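My request is simple: use the sequences and hints to build the entire structure.
Chains A and B are the protein sequences, given in the same order. Take the first sequence: its letters are residues 1 to 266, numbered as in this note's numbering. Take the second sequence: its letters are residues 1 to 304, numbered as in this note's numbering.
Bear in mind the hints are in silico, worked out from the structure with no lab data behind them. No experiment lies behind these values; they were computed from the predicted model shown. One thing to keep in mind: the hints can contain errors.
[Unchecked claim] With a Cα cut of at most 35 Å, we get these calculated DSBU-like pairs of lysine-lysine:
1) K155(B) - K180(A)
2) K31(B) - K120(A)
3) K114(A) - K155(B)
4) K114(A) - K31(B)
5) K149(B) - K214(A)
6) K219(B) - K114(A)
7) K214(A) - K238(B)
8) K113(B) - K180(A)
Here are the chains, one letter per residue:
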Amino acid sequence: AVVSTQSTGEVVAGISEIRNIITVLSGKGGVGKSTTVAVLAGTLASSGLSVGVLDADLCGPSLSRMIGLKGSIHSCEQGWLPLSASVGKGRISAVSLSFLVENQDEAVIWRGPKKTAMIKQFLSDVCWGALDYLLIDTPPGTSDEHMTIMEAIPNCSVVLVTSPQAVAAADVLRQVTFCKKTNANVLGIIETMSGFVCPNCSDCGLLFGKGGGKRLAEYCNIEFLGYVPIDPNLSRLLDRGELFKNFQSSASIQSYTEITKKLIKP
Amino acid sequence: MIEPENVPDSCPGPSSEGAGQMDGCAGCPNKQACSTGQFRTDTSPAEVLASLQCVRNKIVVLSGKGGVGKSTVTAQIARGLAALDLSVGVVDVDVCGPSLARILGVNGQSVHKSAAGWSPVYTLDDIAVMSIDFLLSSEEDAVIWRGAKKNGMIKDFLSSVDWGELDYLVIDTPPGTSDEHLAIVSLLKQAKITGTVLVTTPQEVSLGDVRKEINFCRKLRLPVIGLVENMARYECPKCRTVSEIFPATSGGAQALADSEGMPLICSIPVCPQVGQSGDNGVEGLDIPTEYGILVEQVIRFCDG
Numbered sequence: 001a002v003v004s005t006q007s008t009g010e011v012v013a014g015i016s017e018i019r020n021i022i023t024v025l026s027g028k029g030g031v032g033k034s035t036t037v038a039v040l041a042g043t044l045a046s047s048g049l050s051v052g053v054l055d056a057d058l059c060g061p062s063l064s065r066m067i068g069l070k071g072s073i074h075s076c077e078q079g080w081l082p083l084s085a086s087v088g089k090g091r092i093s094a095v096s097l098s099f100l101v102e103n104q105d106e107a108v109i110w111r112g113p114k115k116t117a118m119i120k121q122f123l124s125d126v127c128w129g130a131l132d133y134l135l136i137d138t139p140p141g142t143s144d145e146h147m148t149i150m151e152a153i154p155n156c157s158v159v160l161v162t163s164p165q166a167v168a169a170a171d172v173l174r175q176v177t178f179c180k181k182t183n184a185n186v187l188g189i190i191e192t193m194s195g196f197v198c199p200n201c202s203d204c205g206l207l208f209g210k211g212g213g214k215r216l217a218e219y220c221n222i223e224f225l226g227y228v229p230i231d232p233n234l235s236r237l238l239d240r241g242e243l244f245k246n247f248q249s250s251a252s253i254q255s256y257t258e259i260t261k262k263l264i265k266p
Numbered sequence: 001m002i003e004p005e006n007v008p009d010s011c012p013g014p015s016s017e018g019a020g021q022m023d024g025c026a027g028c029p030n031k032q033a034c035s036t037g038q039f040r041t042d043t044s045p046a047e048v049l050a051s052l053q054c055v056r057n058k059i060v061v062l063s064g065k066g067g068v069g070k071s072t073v074t075a076q077i078a079r080g081l082a083a084l085d086l087s088v089g090v091v092d093v094d095v096c097g098p099s100l101a102r103i104l105g106v107n108g109q110s111v112h113k114s115a116a117g118w119s120p121v122y123t124l125d126d127i128a129v130m131s132i133d134f135l136l137s138s139e140e141d142a143v144i145w146r147g148a149k150k151n152g153m154i155k156d157f158l159s160s161v162d163w164g165e166l167d168y169l170v171i172d173t174p175p176g177t178s179d180e181h182l183a184i185v186s187l188l189k190q191a192k193i194t195g196t197v198l199v200t201t202p203q204e205v206s207l208g209d210v211r212k213e214i215n216f217c218r219k220l221r222l223p224v225i226g227l228v229e230n231m232a233r234y235e236c237p238k239c240r241t242v243s244e245i246f247p248a249t250s251g252g253a254q255a256l257a258d259s260e261g262m263p264l265i266c267s268i269p270v271c272p273q274v275g276q277s278g279d280n281g282v283e284g285l286d287i288p289t290e291y292g293i294l295v296e297q298v299i300r301f302c303d304g
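Structure follows, in structure tokens:
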């Protein structure tokens, strides 16, 4: 069991029975962290594992839309109850700030301390139960949210996501430093948005280049988990919250399936 | 000077724009006092005003969503203005992910401090740049700061840099609506933000975050120049088929602009050369003409 302590020395009860926690980080925005969390969660759950997802991106909580979940969080005696979605034969539990706010268009204009407090609550006050996996989605950067997660979950397993460009890899390189400083256990790097196959002539356009993530992994001596191509169909499904209803094979889902196999290898 | 007591975590700061009037002020015992400016002792806005007195127009590029191209748009606005012989500065307040220096080809350079303040780094086309990139000793250095420390750096960027006389100062921001954004608004309270440019991509996942950013701008009464839709489409160089990479499922940026009553300035295609030139820090040769429309609109708004 994963037992973690907050800085106060209190056991973070909510996550104490979870077998594996993976935080998806980037440093760079818009590279596909939430997409990665959504698809990895779906892949794990549809193989029969019990999975939870926690969206720690409080200003831009995209994950709930992507997995097609809306609603309010309810509480019981033990704490908050996550919402859940079915995918194939499995289920995913989810917690997001979007389940706590009424007006989804309202900006969440919170300074660091309030964001920190909310994330601590998501970890300690939610009845996650005995999950096989909890995947944590994060905002870009290396700030309050990230520090809070690393402090609450010592030696947290991390998957890094980057797009191929040098501009993105530069931010992720800093994230690698963050991971070293916070003693995170980096499982590997995923390169997303890696090529687009023209639906008409099948020419593969490197819209954002290719290989930047792989080169970063080699430079940092971190496992390269794989490339994920640009997939407008996946983007469409995530926009409509229909991913889990249509969790069928497409190039990007296949890439994520291969990545998942590498992540759960013993 | 009396300080407010029993301040909630959500306090926007007693000297900030909207102090006593924000959602975070609900239930605070100092709400009334803050809204009358009783605790407004922060001299930072006055310092920024003094520092930016020779800067004619201050533009802030915002999104709410990460990775939509804020830094690319900032760089293109700056380059476009500079090409018209206007004097331009850019400041990157994304201290965790300072992309702008790389895109403008000046990453890894150092800044010097004198009695007049920090000297910005100049690009080949004479754009003055300030970024935390110049203060880091290595590209591997991570800026692992909580919000309050980031605010201090942003204040320095606006009040302690020897910008000289500028026609435009363009400010690049990180995604979100948090410490950095509140800092910018608060610090520029007296110097005044001339206009904001909001950047999005077509899909609803982005539009949702940008809607929040628009509400942020409204709440804080920021002037909005308009919305830019980036990565709207991709034309295959081989067969010329146009594909939507991030398909719009809710009307795209046009629908958002219409519903929010603001102009959609332009809809920019994915252009691999823009990404490549950004990575290499050089000016691209085949830049979408839509960026020219954006620059014209910025000038029109500021001169109007």
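Cross-check of the supplied hints:
no.: 1; hint: K155(B) - K180(A); verdict: holds (29 Å)
no.: 2; hint: K31(B) - K120(A); verdict: holds (27 Å)
no.: 3; hint: K114(A) - K155(B); verdict: holds (22 Å)
no.: 4; hint: K114(A) - K31(B); verdict: holds (18 Å)
no.: 5; hint: K149(B) - K214(A); verdict: holds (33 Å)
no.: 6; hint: K219(B) - K114(A); verdict: holds (19 Å)
no.: 7; hint: K214(A) - K238(B); verdict: holds (27 Å)
no.: 8; hint: K113(B) - K180(A); verdict: holds (32 Å)
Checked against the numbered hints above, the structure breaks none of them.
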